[in-house]
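As they're listed, the protein sequences go chains A and B. Under this note's numbering, the first residue of the first sequence is numbered 1, with each subsequent residue one higher. Under this note's numbering, the first residue of the second sequence is numbered 1001, with each subsequent residue one higher.
One or more hints might be untrue.
[Said to hold, decoys possible] Distance windows between CB atoms, simulated:
| # | chain 1 | residue 1 | chain 2 | residue 2 | range |
| --- | --- | --- | --- | --- | --- |
| 1 | B | 1080 | A | 401 | 42 to 50 angstroms |
| 2 | B | 1026 | A | 279 | 54 to 62 angstroms |
| 3 | B | 1221 | A | 353 | 49 to 57 angstroms |
Simulated from the structure, these hints should not be mistaken for laboratory data. All C-beta atoms, glycine included, are put in the ideal place defined by N, C-alpha and C.
Chain by chain, the residues:
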Amino acid sequence: MIDFAPNEDQQALQDAVRQFAKTVLAPRARETEKLRGFAPDVQATAVEMGLSIASIPESAGGPGFPFVTRVLLEEELAAGDPAAAYALAGPGAFALAITEICDEARCKHFLTPFVEHPDRFGAVAWGEAKPVAERGGFGTSAKWIGNSFTLDGTKSYVVGASRADTLLVFAQVDDAAEWNGVGAFVVPKGTHGLSIERVTTLGLDGADIASVRLEHVRLPRASYLNEAKDWSHRLLRFFVKNALLVAARCTGLQRAAIEVTRDYVQTRTAFGKPIGHFQAVAFNISDRFIDLEASRAMVHRAAFLWDAVAADQATENEAFLASCRAIGFAQEAAMRAGNDAVQLHGGAGFMRDYPVEKYMRDAKQLQVCGMTTTQTDQLASRIELGLPLEWSLLIPSAESQNVFV
Amino acid sequence: MDFLLSDRQKALREGIHGFAASVIRPQALSWDLNAGIPEPFLKQMVQMAAQMGGQLGVSLEPAVAATPDEMSESGEKKKSSANLTALIGAEEMAWGDAGLLLCLPGPGLGGPPVRASGTPEQKERFFGIFKDMSETLAWGAYGLTEPGAGSDVAGIRASCRKEGDEWVINGRKCFITNGARAAWTVVFATIDPALGRAGHRAFVVEKGTPGFGVGRIEEKMGLRASETAELVFEECRIPSANLLGGEESYRSKEGFMTAMKTFDNTRPLVASMAVGIGRAAYEYARDFVKENYLLPRSIPRYAAIAERLAKVGRQLEAARMVTWRAGWMADQGIPNAKEASMSKAIAGQAAINACIEAIDICGAEGTIAGDHRLLEKWFRDIKVYDIFEGTGNIQRIVISKRVIEGLKGF
Ligand SMILES: Cc1cc2nc3c(=O)[nH]c(=O)nc-3n(C[C@H](O)[C@H](O)[C@H](O)COP(=O)(O)OP(=O)(O)OC[C@H]3O[C@@H](n4cnc5c(N)ncnc54)[C@H](O)[C@@H]3O)c2cc1C
């Protein structure tokens, strides 16, 4: 039976995180930006609240939140500061990827340490700046030499890399197999030959984005992950779910940007009245509230469907389709919200005294996080047209469009 | 949180869908071209609706959101799923043919104001005629719009004055759905235009009342099966008993509020119909692509088409979610005027866009009319969904007033 309301537990969590976002994250967003990360006391509070282990399944000692709960938390964090949804999330995408591609035993093995040490971080090193001209797949190679793998290459667009205690690195194991020859490796921080270089980005600076260099990085057999038969499909699922979390962040960003702009147009006057009392301005605000309403409901429904898939109450294609639609809509809506927020502030909006220019930059940044609308649109139409889901065509890469993971 | 339909809602949707595909669609174009639906078919529909347990979304009349007198003893609002169920049914019916929905016998748009503001005696009297329609079909209608006042509801000029135990109405109403055939119409008039909304009075005018006549029947772009009529009032005398809600209820601004209450309930329903038409166009284009464009050759246009399809699908999904949420709020007894307007605003645009894009995707073929080629019809039908029940801009005024402090209007 259709019900749009969160349950009591979810409501309590949502309230707590909303309070944290409002009293700590939002007022300190500029400080975070200058620091290019979150102050130790903010991080400590996040750990205390359990935010750093929110992504960990029950089998590994985490809370095992339903996906609906996850998106609710992401929206609240992002409403405070979109970077927080990344930088306070502990293993974050790493945990999601491990949960999707590993069996329960390995999941437990790799994720339990994050529960025992809730101040630890993880990262996923997926992207590469350039495609390989002569074949599909990655340029970073993993060669089985002697009794270990040796990894060489550079990964880009890695969120949280510089602080990560553990990285999930994707590299080419079998050149001839192109995209089906990609393997995943768990690489601990401090491994010899691993170096991380932080980059400066348009937005989300507090989220710590870096590139990862691997020079003769030697890894034991046990760090190689992809044994599951439907591995590539699992990876597609990871990308879509991860991008759905991005969509939830986009929803939070919209809310923050629209609300602050609504307040501004009520006080700023021109031609003798608040600018919000001019129709062009009021309609613009109204349209962004419609966007917000739609984004949120779509994200919630898609998240619900993933929970329903787990409970055998929905098909995976239903969840894929709803997710793709939610992702594309929320990302574009966030960009509209950021853009209009600056526009309606006029020249003041361009100044860093106001938060809106940051929302606009963060919105653009979020549009290239997780998956892009081009990718989700292709996936959605393939499902609708009954075409095979050739994962190599659909996942983000330098061939299709690079994203931050 | 839950996004699964109940078994009853699923059964309803499937039932209507099957009927729409096999029975409604094959006739939809001829109804449109002949500007009407034969009575025997409408009778069949009435019987079906009765078998399905009353309205079940096959009537234009939504359940009215919980009003204070419906509160339970503990003071909690009654919760139901009647609105949401009606939305699901309406989307499916409109997927079949939106024109049919507007032609269905019953109180139609006249229902909500009578239900919301009518006295018990009035409800009994005016709804009574719909109880048994096995012999004669009956319709209700809603007459607010005038040649000089559509969006600007406060500007109506139709006048009313009290004489003894009667009211005398003069003026014209236009674009009234089912206005010529209706057994009764809720008509809005003013005691004094200078009073603005406070001067408005709503009457239930019965067919055959002396001084009440039907003017022209409009020729329309789409929804041509639906009757749209002009109503003329010349010294038309109405008994006091037909003043909606009775004398007392006009002490405050209620006269106008009657009109507005109607829309909180009907806007999501109209939005759902728009989504149904948009979805029909989307599915048509999707199937067209499957049948024609999926050659095993790499043609650049294919990728572009896939993206356009996906974008239409995404906008319709957005509209449906906003609409469902507005309906769900009504079911929960949560005031939903803002969300109802949001649903209407987003659905009208998403669905129009779906029809425009669908024709683009199909090319020339998309504009050819035929019993199984209804795309051009949907394109004609959909436009009005961004116009009636408040234009897109009017929805934005409603929303603006509820999100911007101190804003009175424009
Ligand atoms: C098929 C059909 C069936 C109908 N059925 C009924 C019915 O059963 N009963 C009934 O009472 N009416 C009915 N109507 C009338 C309908 O509700 C009106 O057409 C509608 O409310 C718009 O009013 P209007 O046509 O006078 O347009 P106008 O009010 O003249 O609007 C013209 C344009 O100006 C814009 N506009 C107007 N005011 C503003 C403003 N303040 N700010 C910004 N933009 C503004 C509008 O958005 C619109 O784009 C029906 C109409 C149609 C086409």
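Hint numbers not upheld by this structure, sorted from lowest to highest: Structure breaks hint 2 only.
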